[in-house]
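S.K.: From first to last, the protein sequence lines are chains A and B.
First residue of the first sequence: 1, per the UniProt record's numbering; consecutive thereafter.
First residue of the second sequence: 1, per the UniProt record's numbering; consecutive thereafter.
As the list makes no split between identical chains, a pair holds if one copy fits it or if it spans any two.
Result set (DMTMM-like, lysine to aspartate or glutamate): computed pairs, CA atoms no more than 20 angstroms apart in a straight line: (1) K244 <-> E179; (2) K211 <-> D11; (3) K244 <-> E317; (4) K211 <-> E10; (5) K162 <-> D290; (6) K211 <-> D116; (7) K244 <-> D307; (8) K162 <-> D307; (9) K303 <-> E163.
Hint data in this document are derived by calculation from the structure and do not stem from the laboratory.
Please read all numbers here as calculations on a predicted model, not as lab measurements.
If you want the building blocks of each chain, they are given just below.
Number of protein chains: 2
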Amino acid sequence: MAVYTHLGAEDLAALIAAYDVGELVSAKGIAEGVSNSNWLIETTGAEGIGARFILTMYEYRIDTAQLPFYLGLLDHLSARDCPVPRTIHDRTGAACRTIGDKAVALIEFLPGVSVDRPTPAQAKAVGAALAQLHGAVGDFDKSLAQSMGLAEWRRLLEDCGKEGLADIDPALPDLAFSELGYLDAHWPEGLPRDVVHCDLFPDNVLMLGDKVSGLIDFYFAAEDFFAYDLAVTHAAWCFEDRGKRFRPEISDALLTGYASGRSLSDAERAALPILARGACMRFISSRAYDWVNTPADALVVRKDPMDFAARLDFYREHGTALFA
Amino acid sequence: MAVYTHLGAEDLAALIAAYDVGELVSAKGIAEGVSNSNWLIETTGAEGIGARFILTMYEYRIDTAQLPFYLGLLDHLSARDCPVPRTIHDRTGAACRTIGDKAVALIEFLPGVSVDRPTPAQAKAVGAALAQLHGAVGDFDKSLAQSMGLAEWRRLLEDCGKEGLADIDPALPDLAFSELGYLDAHWPEGLPRDVVHCDLFPDNVLMLGDKVSGLIDFYFAAEDFFAYDLAVTHAAWCFEDRGKRFRPEISDALLTGYASGRSLSDAERAALPILARGACMRFISSRAYDWVNTPADALVVRKDPMDFAARLDFYREHGTALFA
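Starting from the given sequences, assemble the full structure and let the hints guide the process.
M.R.: This is the structure:
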C-alpha cells in the first residue's frame with residue numbers, strides 16, 4: 001500500500017497530454033497496490049470518455065512484457081459488459097506508455113467500495129459476476145500460463161524451509177508438505193479452463209450496495225480451471241475471524257449466484273473440495289514466503305498464512321459435504 | 001505517506017450517514033499526510049454541498065484538542081473567499097466525529113495539483129494567495145501559540161546531540177548551534193502577527209495552471225509574524241537542486257504577488273533576512289530530529305536537513321541585499 005514514485009504536476013500533465021482526455025484537474029496518489037503505484041486522476045474529460053481514471057505505474061513483480069495480456073484482458077471483458085475497467089489508449093492507440101524507465105497505463109475509474117463483511121445479497125452478486133467473467137473470456141485471443149500453480153507452491157514452501165515455516169507456526173511444516181503431497185496425487189485434470197482472475201478477494205471487488213460495480217486487479221489472471229477460480233473466490237469470501245468461522249449463508253449465496261450465470265459440470269462439482277484445498281495452499285505458500293522474507297519491523301503488513309491453514313482444515317473436514 | 005487505519009465500506013457508510021451529503025459512492029485511501037490517514041470520498045451529493053471530500057483521520061502528532069482551532073480556521077478562511085477547503089459539519093453541527101478512538105473530519109475536496117518546479121506566474125499567484133490569507137485571518141476568534149519556534153528548534157537540535165548532527169554532516173553541529181545563538185540574540189519583536197500557515201510548501205498548494213485552487217494542510221498553523229510566514233514560503237519555493245540554486249525570478253514573483261495583496265512595513269522588510277534564516281533553522285531542526293530518530297531502513301523517506309543548510313548559507317550571504 002504505497003506510492004513508490006513521485007510524479008509532479010508537470011510529469012502528470014505531460015503524460016495526460018498524450019491521451020485524448022482533456023486537461024489535468026487533480027491527481028492523488030492512492031494507497032492501493034503492492035506491486036505498483038496508483039493515482040486517482042481527474043481531467044476536464046473528452047467526448048465518450050469519462051473524466052476520472054486510475055493511473056497505474058508498474059513497479060515490481062509484474063513482468064511488463066505481460067502488460068498487453070493484462071490490459072487486453074480488461075478491454076476484452078469490458079467490451080463484453082463485464083464490470084471491468086477498460087484501458088484508455090493514447091492518441092497513437094497504445095495501451096501503455098513509459099515514464100522514465102517505468103511502464104504506466106491509464107485505466108477507467110469505476111465507482112464502488114470494497115466490503116469487509118459481505119451480505120448474502122452481495123456474495124450472490126459476486127458469484128454471478130464471476131460466472132459472467134467466465135462466460136465472456138472465451139474468445140480472448142491472448143493467454144498466459146499459470147505461474148502460481150502446484151509446482152510454484154512447492155517451490156515457495158521449500159524456499160521457506162521447515163524451520164522457517166515452523167517459526168510461523170509449529171504445525172505448519174507438516175501441514176503444508178503433507179497437503180502438497182495429497183494435492184500432487186489427486187489434482188484434477190481435464191476440467192473446463194481459460195483465462196481466469198485467480199485473486200477475487202473482497203478487496204478486488206467494488207460494490208454499490210448489493211451491486212458489483214467493478215472487478216479489479218487482474219494481475220494474477222492466468223489460464224486455469226474455471227472451478228479453481230470459483231474455489232479461490234469461495235475461500236476468499238466465505239469465512240470470518242481470520243478463517244476460523246465459516247459463513248454458510250455466504251457460501252450458499254456465492255454458489256447460487258455463480259450457478260445463475262454458469263452451470264458447473266458434475267466433474268467440476270466433484271473437484272471443488274480439492275480445488276478449494278488448493279486455493280488455501282496457494283495463499284499459504286505465498287504468504288509464508290512473504291512472511292519469511294519480510295523483516296518483522298518492516299512497515300508492510302504481513303498477512304498471516306495460518307488464516308488459510310484454518311480454511312484448509314475446514315475444507316478437509318467439510319468440503320465433500322459442502323459442495324455435494 | 002500512508003493510510004494507517006483500515007476502514008471498510010461498512011465503517012465509511014456509517015460515517016457518511018451522519019452527514020447530509022448523500023450516499024457513499026467511492027472511497028480511496030490516499031497517500032498524503034504524515035500524521036494522519038486520508039481518503040478521497042465520493043458521495044451522491046446533497047444540495048449546496050459537492051459530492052467529493054477528503055476524510056481525514058487524525059493518527060499521530062496532532063493534539064485533537066486543537067481540532068476546533070484547525071477546522072475552525074478552514075471555515076473562517078473559506079468563508080472569506082480564500083482558496084481553502086471548508087469543513088463539512090455533520091447533521092448535529094459538529095466539525096469532527098470519532099471512529100473508534102480516533103477523531104475524523106470531512107473536508108471539502110478542492111481540485112488542482114501541486115507543482116514541482118513553479119513558474120514565475122505560479123509563484124506570483126502563491127504570493128498573492130498568502131497575502132489574502134494574512135488579510136482574512138484578523139477576525140478569527142481562536143488562537144494557538146507557536147510551538148515550533150526558536151526554543152523548540154533548540155530543543156530538537158540538543159536532543160539530536162552534536163554527535164547525531166555530525167553523523168548527518170560534519171559541518172552541521174557548528175552551523176546549527178552558532179546560528180541558533182545568532183537568532184536568539186537578534187530575533188525581531190513587535191512585528192504584525194496573527195494565525196499564519198507556517199508550512200506553505202509547494203506540496204500544500206493546489207494549482208490549476210497559474211491559478212491557486214487550494215491552500216491545504218494547516219496543521220502547523222499558529223500565531224506568528226506575517227513576515228515569518230512569508231519567509232517560510234520564500235525558503236520553500238525559491239530554490240532548486242535541493243536548496244543549492246536560488247531562483248531569483250521566483251523570488252521576485254513571490255514578493256510581487258505578496259505585495260499586491262498586503263504591504264510590508266519597513267520593519268517587516270528589514271526583518272526578512274533573519275526571518276528567512278529562522279525559517280531554514282525551523283526545517284533543519286525538525287528534519288535533523290526526524291533523521292536521527294528514523295531508522296535508516298524504514299520505508300518513510302527521510303528529508304535531508306542539509307537542503308535547508310544550503311538555503312541558510314544563501315540567506316546569510318545574500319539576504320540583506322535580496323530583501324532590501
